[in-house]
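Visitor: Now for the letters of each chain:
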Amino acid sequence: MNRFFPLVAVCFLSACSAVTTIDEYRVNNSAMELNSNESVVILGRRDAGHYDTDREFIGCVADKMQGADISIMPEQQFVDAIYPWFEPRTAPKGLARLKRLMQDTTIKAEIDRQHIRYLVWLDGSTESHGQSGSMSCGAAPGIAGCFGFAQWDKSSTYEAIIWDLRNLSEKGRLQVDSQGTSYLIGIVAPIPLLSPVKDDACKSLGDQLLQFFSNPDSTG
Amino acid sequence: MQTKTIKLIASVFVLIALVGCSSSAQVQITAGFPAVISQPKNSSATLVFSDEFRQFVAKPNKDTTIDMGSAQVALLTNAFKGLFSTVEIVSAADQASLKQGLVITPSVQEVQLSTPSDTYLNVYEVWIKYSLDIKTAEGEQIDTWFMPAYGKTPDSFMLSRTSAIDEATVIALRDAGAKLLLDFYRIPSVNNWLRTQPVKESGDE
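Going down the list, the sequences are from chains Z and C. The end of the first sequence is residue 220 by the numbering used here, with every number in the run present. The end of the second sequence is residue 1205 by the numbering used here, with every number in the run present.
So that you can see chain C by itself, here it is in the shape it has in the complex:
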């Protein structure tokens, strides 16, 4: 009986050790993002977050998944509210109710991850490549804009694989917000579209 107990305890220890040594990681991004400090243009936009985008789980390699759907929805909603005075969020383009402004459909093209075992650097890095499909409310194609974002941990010392990937992903998402605020109105086609829009009085919808 005693031998059986010892064997059982030893098996549990071996199992814990093996699980502890495994290099797979399932990461769920739960971090919140601060409100953006920006004066939005007096214009409107409909953001189309498809179900696929809302529930997006990146699989940068066979051992890692990053559940970043809700985090990227929160981040982009926040960022676009700093760009447009009126923002409508829908699940499909045909649900848009705004009769003017832009209809923007974001999608994730690719998520890449590099770990210390890949690069021999003491950091975890995450790249997210977004694509923004930009149309007018009338359905005219304005542009398809590729937006890369990058995040890395300061170092990987004392960080578990899961928390390091989480941290690098959050930094990459914050970088996406920064890129959007900095460059969205610099896209030539968006800038041209904006110039053609009638100037609205503040508060005029």
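For reference, chain Z alone in the conformation it holds in the complex:
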């Protein structure tokens, strides 16, 4: 009987894993140049009406890159330093607008002063859908518990676009799609089995972004 417990546990845990797909486009295969005094800024798109690229996700990707000794300037610090040109209303949506912005000597001087070399735009969201099942909880003197089963799907879709502020060019694009199903099992106590969809998307995107800054031939 005891032999089955690990098997059941493995089945449960594997059911909660996320499936993540990454699409990558690079302008060329060489590693992106980044001097030790230069920084990268990871920014979230905030101009869509129905969602904001969440700050938690941006912080997660920034942490992944910072761990690899790449200098990351915090998003809010950059937005404040260059105020008001990266507010939701004014942030450049394309390279043409960025080029026009950088023609302003005051803005260019501030970006140079801050040693910001690359901008990574993140755009996307994590959504829950396909909820089904039900769970009932109750309490009475001396007894309390939950019974039932609920499940829901989660999907994270994020796109990263890398801009080089020195050459005012696009260096590449990444798209990550991560999907998984989470479960909540009520056997006296509610047992959540959550699929780490957003964490997986963050880790995959962070790892892939790092490869832009390291030689692909050396990383295999």
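I should point out that these hints are in silico values taken from the structure, not numbers from a laboratory. Remember, predicted model here, so these are calculated numbers, not experimental data. Heads up, none of these hints are tricks.
SDA-like, lysine to any residue: derived pairs with alpha carbons at most 20 Å apart:
hint : chain 1 : residue 1 : chain 2 : residue 2
1    : C       : Lys1059   : C       : Gln1028
2    : C       : Lys1179   : Z       : Leu98
3    : C       : Lys1179   : Z       : Phe78
4    : Z       : Lys93     : Z       : Ile116
5    : C       : Lys1041   : Z       : Ala109
6    : C       : Lys1081   : Z       : Ile107
7    : C       : Lys1041   : Z       : Ile107
8    : C       : Lys1179   : Z       : Arg100
9    : Z       : Lys108    : Z       : Asn37
10   : C       : Lys1135   : C       : Val1090
11   : Z       : Lys93     : C       : Lys1179
12   : Z       : Lys108    : C       : Leu1182
13   : Z       : Lys171    : Z       : Ala31
14   : C       : Lys1081   : C       : Trp1145
15   : C       : Lys1081   : Z       : Ala81
16   : Z       : Lys108    : C       : Pro1034
17   : Z       : Lys171    : Z       : Val27
18   : C       : Lys1041   : Z       : Leu101
19   : C       : Lys1059   : C       : Pro1116
20   : C       : Lys1179   : Z       : Met102
21   : Z       : Lys99     : C       : Ser1038
22   : C       : Lys1041   : Z       : Thr105
23   : C       : Lys1081   : Z       : Asp80
24   : C       : Lys1129   : Z       : Pro88
25   : C       : Lys1099   : C       : Ser1044
26   : Z       : Lys93     : Z       : Ser169
27   : C       : Lys1135   : C       : Leu1194
28   : C       : Lys1041   : Z       : Thr106
29   : C       : Lys1179   : Z       : Ala81
30   : C       : Lys1179   : Z       : Arg45
Below, a sample of chain Z positions facing chain C; criterion: calculated Cβ distance under 8 Å:
hint : residue
31   : Asp54
32   : Arg55
33   : Asp80
34   : Glu87
35   : Thr90
36   : Thr106
37   : Ile107
38   : Glu110
Backbone N, C-alpha and C fix where the C-beta goes; we use that ideal spot for every residue, glycine too.
Guided by the hints, dock chain C onto chain Z, whose structure is given.
Guide: Then chain C, alone, in the frame of chain Z:
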């Protein structure tokens, strides 16, 4: 005696619970705003911040007040310093000492708030509608420009009503600064006025 103490403690708990559940919010905006990155035109402006504007408290609904007077004064002062090389701030138009340039009197037309309970969206949103009365130093009316600004929280998860409204208002005020920097010199009448101004040497007042 013991029963009395228990009743007192229970009353305090009930009171705390009721206060905690109330949906009113008194928000005071204390956030600072970053300096604008902009090359100001070699021109001057007098900003008229009336006492009403300086102490403005918005009341978007019966349960909410937003004390945004000092924040909007700081924001607009900062933004106009990015537009004009010389900025004078007065409390009434007749106190202006600059003999040239524009006299700009901002006022708040309306502040609107939407909360998750209104829209079933997981965000708080704030709209501020400013009106800028723009005259020349000689008193000639140039324009009255309506300037809408908008701010919303990324989501309302784990945010109290007060801090969510504060955050949305700060974003709306920052948006007002962005709108001003982006569009002020695009107002046709202001642009026309600017063209008629003699070109001043840098540092010439």
